[in-house]
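There are 2 protein chains.
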Amino acid sequence: MKIEGVIFTPQKIIPVPGGDVYRAVRLGDVGFTGFGEAYFSTFVPGAVKAWKRHRVMTLNLVVPVGSVLIVMVDTRLGSVSEGGMEVRTLAHSDYGRLTVPPGIWFGMKGLGLAPSIILNVADIVHDPDEVDRKNQDEIAYAWDSSQ
Amino acid sequence: MKIEGVIFTPQKIIPVPGGDVYRAVRLGDVGFTGFGEAYFSTFVPGAVKAWKRHRVMTLNLVVPVGSVLIVMVDTRLGSVSEGGMEVRTLAHSDYGRLTVPPGIWFGMKGLGLAPSIILNVADIVHDPDEVDRKNQDEIAYAWDSSQ
Chain A
3 MKIEGVIFTP QKIIPVPGGD VYRAVRLGDV GFTGFGEAYF STFVPGAVKA
53 WKRHRVMTLN LVVPVGSVLI VMVDTRLGSV SEGGMEVRTL AHSDYGRLTV
103 PPGIWFGMKG LGLAPSIILN VADIVHDPDE VDRKNQDEIA YAWDSSQ
Chain B
3 MKIEGVIFTP QKIIPVPGGD VYRAVRLGDV GFTGFGEAYF STFVPGAVKA
53 WKRHRVMTLN LVVPVGSVLI VMVDTRLGSV SEGGMEVRTL AHSDYGRLTV
103 PPGIWFGMKG LGLAPSIILN VADIVHDPDE VDRKNQDEIA YAWDSSQ
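Chains as they are written, first to last, in our numbering: chain A, 3 to 149; chain B, 3 to 149.
Honestly, I wouldn't trust all of these hints.
Because identical chains cannot be distinguished in the list, a pair is counted as satisfied if it fits within a single copy or across any two copies.
[As the list claims (entries may be wrong)] Listed below are the simulated DSS-like cross-link pairs for lysine-lysine, each with C-alpha atoms no more than 25 Å apart in a straight line:
hint, residue 1, residue 2
1, Lys-54, Lys-14
2, Lys-51, Lys-136
3, Lys-14, Lys-51
Since the hints were made in silico from the structure, they are not lab data.
Throw the hints in and build the complete structure from the sequences for me.
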């Protein structure tokens, strides 16, 4: 299902001799709520990182290399999508940016046979105090079903 | 030589099970002058992209995958490094962020045997009117000397 506030925005790939240019995010884009920090997370093939919830941060995620599965769960009280789960694959083959608002539990898995990399352009600087964590088995999802 | 205003800032790699986290740039960092747009440029091995000069944009460059040679030439009148050339390799093995101020001619080459990728966190949205270009042979540099 579609989680309220989660937005997928296709991004342009600009053909350039020697190597293409991939837009990630710009000022004024839908889902862009300000700049705090940009960082990469890498995934060895098959690696699962789950679960996390940011209480303040809005994430803007793009995958320039490889393919990453993102599973999101809405436990926000009173949200129109409360209790819902949304699953997205970010990859070169369907290139775009995923905006994840605060309050959403999410986990990620590196798909394919090669390492993957995801960029997060966050609207705040990393702050461990605004991050909640659960173990992988605390929210049910069949991670093994996607490769 | 060192070009005035060009800054290399080592960036932290945070070990994470399943795939490390690579910091790119955050609010308040040395060399960070604001957020306009983030985009990736990719390089097939050996590809040279040269030359460009931004009249307004400050670039903040990081290479999370592969290895990219950056050649910079200072033609700014009255700069303490006027006429100087600075050469840098950005790569995983010496991970960091390169700040390139406006007014510097630069070219890049993808090193190694695999594709490389460079992230630019720019302080303005792309604007073709603030970019000057020269052909590769208009500024002398032995691109073939590095691989």
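Hints and how they fare:
1. Lys-54 / Lys-14: The answer is between: 21 Å across copies meets 25 Å, while 29 Å in one copy does not.
2. Lys-51 / Lys-136: This pair counts as within: shortest intra-copy Cα distance 10 Å, inter-copy 45 Å.
3. Lys-14 / Lys-51: between (28 Å within a copy, 20 Å between copies)
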